[in-house]
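The numbering of the sequence shown is UniProt numbering, which starts it at 1 and goes up by one.
Don't read these hints as lab results, they were simulated from the structure. Fair warning: this is a prediction, and the values are worked out from it, not measured in the lab. Treat the hints with caution; some may be incorrect.
Unchecked claim - Derived CB-CB ranges, DEER-like:
1. Pro279 with Thr89: 30 to 38 Å
2. Thr68 with Glu283: 58 to 66 Å
3. Glu290 with Glu346: 18 to 26 Å
4. Glu224 with Pro279: 21 to 29 Å
5. Lys390 with Gly350: 17 to 25 Å
6. Val159 with Gly179: 50 to 58 Å
7. Ala302 with Gln47: 31 to 39 Å
8. Thr68 with Glu346: 51 to 59 Å
9. His259 with Lys109: 30 to 38 Å
10. Thr201 with Ala458: 50 to 58 Å
11. Ala430 with Gly477: 25 to 33 Å
12. His285 with Ala430: 41 to 49 Å
As the list claims (entries may be wrong) - The list that follows gives simulated cross-link-like pairs (lysine to any residue, SDA-like), each with its CA atoms no further than 25 Å apart:
13. Lys193 with Thr154
14. Lys490 with Asn349
15. Lys474 with Ala458
16. Lys396 with Glu219
Think of the CB as a built atom: it goes at the ideal place given N, C-alpha and C, for glycine as much as any other residue.
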Amino acid sequence: MYTITIEEIHQLLSQHNLLVTPQKDFMSHPNEAFDTLSYNSQEIEGQTLFFCKGANFKKEWLVDVLNTGVTTYISEISYGFPEQEILVTDIRETMAIIAQAFYQNPQDKLIKIGITGTKGKTSVAYLIHHILRDAFDSKVALFSSEETTTDGKTYRSSVLTTPEALVLYKQMAEAVEAGVTHLVMEVSSQAYKTKRAFGITFEVGVFINISPDHISPIEHPTFEDYFACKQQLLLNSQQVVLNDQSDHFDVLEALCLTHDIPTVTYGSSNADYPVIDGPDRREFHLEATEDFLQINGDYHLAMFGHFNHGNAAAALIATALVEAPKEALKNSVSQCTIPGRMNFFELPNGAYAFVDFAHNYLSLSALGTFAQDLRPDGKVILVTGSAGGKALSRRKDMGQAISESYDIVVLTEDDPDFESPAAIADEIQAAITNPEVEVFREMSRAKAITLALSLATAQDVVIIAGKGTEAGMKIEGKNADYLGDGYYTKKWLENTKA
1 MYTITIEEIH QLLSQHNLLV TPQKDFMSHP NEAFDTLSYN SQEIEGQTLF
51 FCKGANFKKE WLVDVLNTGV TTYISEISYG FPEQEILVTD IRETMAIIAQ
101 AFYQNPQDKL IKIGITGTKG KTSVAYLIHH ILRDAFDSKV ALFSSEETTT
151 DGKTYRSSVL TTPEALVLYK QMAEAVEAGV THLVMEVSSQ AYKTKRAFGI
201 TFEVGVFINI SPDHISPIEH PTFEDYFACK QQLLLNSQQV VLNDQSDHFD
251 VLEALCLTHD IPTVTYGSSN ADYPVIDGPD RREFHLEATE DFLQINGDYH
301 LAMFGHFNHG NAAAALIATA LVEAPKEALK NSVSQCTIPG RMNFFELPNG
351 AYAFVDFAHN YLSLSALGTF AQDLRPDGKV ILVTGSAGGK ALSRRKDMGQ
401 AISESYDIVV LTEDDPDFES PAAIADEIQA AITNPEVEVF REMSRAKAIT
451 LALSLATAQD VVIIAGKGTE AGMKIEGKNA DYLGDGYYTK KWLENTKA
């Protein structure tokens with residue numbers, strides 16, 4: 001069982017210059033111990049140390065917590081209970097620091113690979129996890145936007161790409177308890193903006209790409225802020241894997257040079273490991289002039305797409321850097337499939353359909369280019385929408401991607417929450433500047449998928465983008481019934497064949 005005392009909390013907060021409350025005001029019971037950490041008023045058990053987190057935190061929630069018997073809470077704001085409160089300058093950094101100590105610094109007991117980027121984090125994370133799982137007998141944890149496993153065997157759906165600090169360190173502790181040796185972790189820009197990943201140094205950091213995304217009043221106010229948060233992964237990694245074809249690669253490379261961070265690049269002919277497409281769209285070749293990781297050779301993937309060649313190269317380099325046996329690399333990478341990424345269906349008339357999580361300019365553009373190359377004589381048909389209440393700049397970017405890479409688009413709902421899906425579709429449509437793009441609107445996502453599949457002729461490609469394997473539809477703050485893009489695609493196929 002994990003515990004932490006008032007005295008230990010005082011020492012930690014003083015050491016990190018976070019403490020506002022004078023020592024005399026909360027050290028009357030220095031040996032009082034807590035066996036649970038929580039920021040959720042609905043999750044109180046045992047002797048809970050409670051954290052008042054977030055701009056929308058309400059005093060009535062704290063009153064409910066105190067009424068359950070909680071004796072101590074930590075906050076940036078005084079709520080008028082001086083005998084029970086510890087005031088700090090930064091609640092999020094405090095959460096990370098106390099969680100590390102409470103769970104006995106599990107981050108130091110794992111070999112950690114962190115992955116960031118605008119597009120492809122989950123794909124790279126799954127590829128790395130698959131390779132390491134084969135190499136190290138399943139003793140590999142995975143924290144991704146899709147799934148989480150702390151023991152390498154049992155999986156559950158993830159809530160956030162990178163969990164809140166209290167959850168993150170608890171999961172790491174569970175991994176250590178399970179005998180796990182390696183952790184593969186997606187690291188979002190919000191993880192650094194909100195200090196969820198504070199205090200973690202990755203043995204390897206992988207930076208895939210960068211383009212504007214998550215720009216909104218509740219996420220990142222500007223691209224510069226978004227990019228600065230992404231760069232934190234480099235500054236918190238012992239060595240870095242970089243895509244030299246990413247936008248702003250020169251900035252990333254200079255940052256690593258300035259801070260003397262060892263770097264391995266992949267991508268173009270100028271990279272340490274050039275990625276060369278093979279004759280089959282699922283094949284590629286690594287051809288380094290100096291193969292210091294001993295990973296040169298031909299590789300075959302279970303997934304389509306040139307962009308997945310780069311993702312696989314990043315995974316191969318990262319796993320080689322943590323000394324995965326070379327014989328495991330080729331077999332493992334060829335067998336990996338990724339939920340909700342490029343899930344393939346063939347229609348009765350010969351058209352192709354892919355269900356994918358793509359939801360921003362970079363991912364939609366890459367998918368459109370892939371589809372054009374795959375079926376140059378056909379049309380590319382897209383089903384898409386955009387989430388309500390966040391990443392507002394994404395809508396204009398999606399319109400740009402549609403203008404550049406698609407022939408037909410069916411605009412629909414995608415977790416509109418408190419916004420009108422039709423109004424969101426208006427914003428996307430207003431940004432479509434190519435007059436040759438044929439636009440349909442169907443606000444029922446299930447019907448939109450049916451419409452797009454019905455429009456496809458023999459040489460066409462249908463991209464159903466945005467939700468991947470996600471079920472449910474967030475509408476007005478609640479999770480409404482929606483069985484998933486794959487479900488409705490399969491249902492259409494069954495009805496059509498019948």
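Hint-by-hint comparison with the structure:
| no. | hint | verdict |
| --- | --- | --- |
| 1 | Pro279 with Thr89: 30 to 38 Å | violated (59 Å) |
| 2 | Thr68 with Glu283: 58 to 66 Å | holds (59 Å) |
| 3 | Glu290 with Glu346: 18 to 26 Å | violated (42 Å) |
| 4 | Glu224 with Pro279: 21 to 29 Å | violated (42 Å) |
| 5 | Lys390 with Gly350: 17 to 25 Å | violated (38 Å) |
| 6 | Val159 with Gly179: 50 to 58 Å | violated (25 Å) |
| 7 | Ala302 with Gln47: 31 to 39 Å | violated (49 Å) |
| 8 | Thr68 with Glu346: 51 to 59 Å | holds (56 Å) |
| 9 | His259 with Lys109: 30 to 38 Å | violated (25 Å) |
| 10 | Thr201 with Ala458: 50 to 58 Å | holds (53 Å) |
| 11 | Ala430 with Gly477: 25 to 33 Å | holds (26 Å) |
| 12 | His285 with Ala430: 41 to 49 Å | holds (43 Å) |
| 13 | Lys193 with Thr154 | violated (30 Å) |
| 14 | Lys490 with Asn349 | holds (15 Å) |
| 15 | Lys474 with Ala458 | violated (34 Å) |
| 16 | Lys396 with Glu219 | holds (17 Å) |
The structure shown violates the earlier hints numbered 1, 3, 4, 5, 6, 7, 9, 13 and 15.
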